[in-house]
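*Asks:* Here is how the chains run, residue by residue.
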Amino acid sequence: MKRYEPILGVLLAAGLVAAAIAAPWLRFVLTIALAKGIAVMGILLLLRAGQVSFGHALYIGFGAYTVAFLAPRVNDGAVLLLAAAAGAGVLGLMVGLFVTRYRQIFFGMLNLAMCMVFYSLLEKLYHITKGSDGIRVEIMPIAGQALDRVTYEWTVFGIALGLAFVLAFLLRLYLASPMGEALAGIKTRETRLEFMGVPARGVLLAAYVISAVVGGIGGALIAMTSRHVTPLLSYWTASGELVFIAILGGAGGVLGPFLGAAAYELVRVYAAASFADAWQMILGAVLLLVILFAPGGLWGMAARAIGGRGR
Amino acid sequence: MSGALLRATGLRLAFGGVKAADGIDLDVMAGEFLAIIGPNGAGKTTFINMTTGYLKPNAGSIAYDGRTITGMSPRAIVKLGIARSFQLPQLFLEHTVEQNIALAVASRHGIWSPLVPLLRPSYRDEARDLLDRFGLSAIADARADALNEGARKLADIAMAVALKPRLLLMDEPTSGVAASEKMTIVETLVNVLRDAKVTAVFVEHDMDVVERFADRVAVWSQGRIAALGPPAEVLSDPAVQREVIGIERHATPPGVRHA
Amino acid sequence: MTTLTRRETLAAGFGAVLLPATLSAQPAPRPAELKIGVTTFLSGPASVFGVPSRRACEMLAEQINAAGGIAGIPMRPIFVDEGPGTDHLVGEIRRLVQSEGVHAIFQSISSGSCLACTPLSRELNKVMLLWDCGTQRIFEENRYDYAFRTQGYGTSEVLAPLLYLLKTKPNIRTLAVVNQDYAWGRDSWELWKTAMDALKPGVRVVAEMFPRFGSTDFSTEITRLLALRPDVIYSTSWGGELVTFIRQATERRLHERTTFVLPVAEASLQILGRSMPEGHIIGTRGDHWNNHPAPANPELFNSFVNAYRQKFNEYPIYPCHHMAQAVWALKAGVEKAVATKGGAWPSDAELAAAFRGLTFPTPTSTITLREDGQGLEDQIVGVSSFNDRFPFAVPKEMMLYPAAQVSAPIGQKSTDWLKTLQPAMIESTGRSI
Amino acid sequence: MAEWFQDNGLLLGLALLDGLSSAGLIFLVAVGLNLVFGVLRIVNVAHGSLYAIGAYSAASIGIFLASRGLPGWASIPALVLSAALVGAVLGPLIERFLLRRIYAQEEVVQLLVTFALFMILEDVQKLVWGVQPIHHDQAMKLLGTIDIPFGADFIPFTNYQLFVLPGFAVVTLVGLAWFLRRTLTGRVIVAVTTDREAATAMGIDAQRIFLLTFTFGAMLAALGGALSSPTAALVPGVGAQTIVLSFAVVATAGLGQIEGAALTSLMMGLGRSIAVYFEPELEVVVPYIIMVLVLLVRPQGLFGVIETRRV
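Those protein sequence lines, which keep their order, are chains A, B, C and D.
Residue numbers for the first sequence follow this note's numbering, beginning at -13 and rising by one.
Residue numbers for the second sequence follow this note's numbering, beginning at 280 and rising by one.
Residue numbers for the third sequence follow this note's numbering, beginning at 22 and rising by one.
Residue numbers for the fourth sequence follow this note's numbering, beginning at 292 and rising by one.
Bound-form chain A, shown alone (with noise of 0.2 angstroms):
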């Protein structure tokens, strides 16, 4: 299955791309989910310990604010990106010192901590982010090219995208290498891990920063697509959405968040169009579907139809 994951990333963006191309209101549905994709790859990480963050909406938070913040100063959306990424991993690193001294229950309701009193933050310091109106971010030059809006909105999907790729392919590595493994035996035998001189929490520590790089960077993406940014983005379902979308497309592979990420936009989008008042409903029964009737998410689905197994 491994060997089909390359061949079925080329694939699942090549429909992005021709989806964006057809429907112009879709490019931006479909570089939301490429942000969202991205984000969940770092939850899928701390799903490989076998722990749930159910607060990692906070990096998204973090990661749009900073560009709606820096986007007057620096006006450059390449270094706005960096500078969330960057942002959102030393943010990550503080809570990650605390936060990784805990397990299960306790590991994801600390993070749900740290998110909804970021939440509360951004909703109390009225005067400095304007509370839930939320800042407006303009279209801005990137990479030192001024551009008009098309052409902005199509070299965002295309960051996305290329940012998808290129993360996707170094979370493989990180996956497949000792400090990936070691990762996945903290959720089996940590204890083990310890008699081998493996300090588990550094191994945790050090996914949970990169989870908090790729959420500041889908956070980023994400308030350069939408050009506005409001605290709702850090509110603590926006934390479960992510959970949600990781289970959806399945935990086995990379492809997995964009899998479920594509779908779950996908999903909303016409489940609103279609019953406005009760997408919620629609949005709960195909996880609940998915969960019960197609066990290893999306991805699993895919790999059963390949034939190969879905890890």
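Treat the hints with caution; some may be incorrect.
Said to hold, decoys possible - Label-pair ranges, simulated between beta-carbon atoms:
1) C:F333 to A:V136: 42 to 50 angstroms
2) D:L584 to C:D218: 36 to 44 angstroms
3) C:D218 to D:G304: 27 to 35 angstroms
4) D:I437 to C:T441: 45 to 53 angstroms
5) B:R399 to D:A489: 41 to 49 angstroms
The hints are simulated quantities; they were obtained by calculation from the structure and are not laboratory data.
Even glycine gets a Cβ: it sits at the ideal position worked out from N, Cα and C.
Fit chains B, C and D to the known structure of chain A by using the hints.
*Replies:* Then chains B, C and D, alone, in the frame of chain A:
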């Protein structure tokens, strides 16, 4: 053999009212195979746990290679060259056997390489070689959670050996192994360890194994060492036979998993 | 029925996406129906506004279509939920324009949604009528050619009750605020405080409380207010929170120790029923009280209110009236644009031009869309009371504040303008009705 | 310091009364969640929905009974009855048809099943009860108020909030403690909480205990909702708001510890009400600050037991 590699002095540890270690004094000589026998609850595993840093003694000290290691973390102790295997095999259940061993190999070198595969040629070769010597080649690609008890046990020991320790502590290496294979497996194990010049301490219930492979045997009873000496001498002691071996042979038929 | 057609459009979505999206460049042909995208809350706490407004919209569309449509074309509203947040909503606006091909968009209850989506009117060259959100930031911080607000806004909606308070209770000395902790709660407090400091300097603010949005228990806040005994308690809360607050407060007789000023109370009065205490200042974000003593067009007013009551077994609340204003503005604007072109269908730019400076009739009065896009809607404030006609509190001793007098002039920021207000304004502004 | 107390002592006294009442409500919701988590090891996100449905049902039943001319005193037993009804109907349905199918799966999957259920139930509530605030405060009105002296002044409190809510919380706490310690079923539940493997090895019918506990937890959630309904108007989204605080309580209290839940609720209730008096902007983050502080000192939660792994 030259002097003590490990020296425990006056170790005491109690859980609630139970004295798991009640003044343990023990020297483990470099290069020897020391067997630990005794009834369940005598504190055998506790001794291993204290030596490897998992439990901290209430009193007493442990010196390794002339250096005090009491109170050090398991991680730091491993780095000094003390490895252990477990009564309940501690494998990474979602990894293959080969990956398990390779992770142990990798941890010797430091695992902080995020982009080179775990199963790089050098680690893979070393892991394969080890599996070969343990006779586990056939199940190298099986997931650890799919193994039978005996294979788990061996893989668990192989992981400890992959750490290239100078001192290896094994907690019941043959429990769960089918009686018919037991001698062959132990023989293999002993050869591997002798080749690598590893000093070994092992908790063992099978007196045949003890008799045949141990250089010395220590008898544990209620947190104390009741007897210590060459197997022939100790095992023929009637008191030991009555209080330890007799109970042992009835209480735990071979192959039963100790929880 | 509408769902089905929409689903067909969507089913076509993936297949028919290959159609060239060049329609907008052509001289606009007369459409078979006038499609209107409507963003409103269909989930979450603010659906208390969203769902009634959606009903009002559907009802009016039915009525208008039965009477021949707008400029001879039937209108069809397509609803989108604001609930999931702005990143979703911004995508939905694009879908409405680029996939559904809507001709105009009625936009948003939440200020956050409006701030996020209004800039899209510029990018997509689509007329947007801001039908309910109140933030003053929209037209004070930006200029939009395609966006218009068909109702009043925060500045007038806060200033009118303040003027009413200062006129009827000139001797107040202390005040406390309990607002929801989100942009409107904070904004409406800033506007109030700025205006109050200008109109009656020296009123002491004894407590500023912003309980979490969606709180279900205000007992602690109420205890503190009971202990503080402020002359006035100001709250722009709405929905379930206002209902909860008033019930918990009246049960503990807080209303006997203070005067409430509740600028958006109207939407909650039916639910509160007899639990609403009498003699407190209430507003409706406009002039559309169901007991308006002298609406400009009584037949139209009564027919709207009665039709809504008959259909949904409750009185329309202010978001219904706001939605109706958007529909009437749309009708007036489209018909004006078509007339200007001598009966031909206008382009998007021509349609937008028709809205600038447009004055359209509402059942109670008229609303003029100012040069900057802001609508001028009169404000009526009164004190809560009960009569035989309504099973819930309605205002009495009403004062009408003409919109022009309680809105910041074009080009001036509300907070700057409010600082310049003179105490004399308290007497000179507004008239009893 | 002493001076501060002289100035604010009376206020602190009021804050204490308010804190007790709000702690009672927090406890009633959180204790069910904690119990379920202790036994099933599932963080039941849908607990919030059960709370909301309990509240809505109680209000509906109350309104119905009032319209039938039932005497006012009946409104309080009606609250309890409707909670029992909701729990007894929905609890077994959810456990039997959803949760039972996924006990073997990973924790995150179990969590997401309840998240999906939560999304579905959010829309179901909307379909059944509409979006307009619903309230029925007969019970609160019936019991009247009591004047608490405050210096020369007095402060009216509702008897319902001051006595009934904390009273129910205390009764629930004592009743639960008695049930868990003194009855066979209760002891079995405790046994499963502390060591599931050992308990099942001893021949305990885990499925029956799971069903029982979940139903019980659902009843407690519904009871929390029902008891809150006389004081609060019910609107869509009330479940999401409530559940996130309960998460914090569970993590802080320690695995399945009812006394821990009680103490945590008390700390959070008091913390919040004190914040309202002296630093209202902190009110929202107080529960999370408490949680972080507690876990810093006691990583396993207030009353949690450190799980030592045998090696």
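*Asks:* A separate judgement is required for each hint: does it hold in the structure or not?
*Replies:* Hints, verified against the model:
1. Distance hint check for F333 of chain C and V136 of chain A: the Cβ-Cβ separation is about 44 angstroms, which falls inside the suggested range of 42 to 50 angstroms.
2. The given range of 36 to 44 angstroms is respected by L584 of chain D and D218 of chain C, whose C-beta atoms sit roughly 40 angstroms from each other.
3. Distance hint for D218 of chain C and G304 of chain D: a CB-CB separation of about 34 angstroms, consistent with the stated range 27 to 35 angstroms.
4. For the pair I437 of chain D and T441 of chain C, the supplied restraint of 45 to 53 angstroms holds, since their beta-carbon distance comes to about 49 angstroms.
5. Between R399 of chain B and A489 of chain D, the C-beta spacing of about 42 angstroms keeps the proposed range 41 to 49 angstroms intact.
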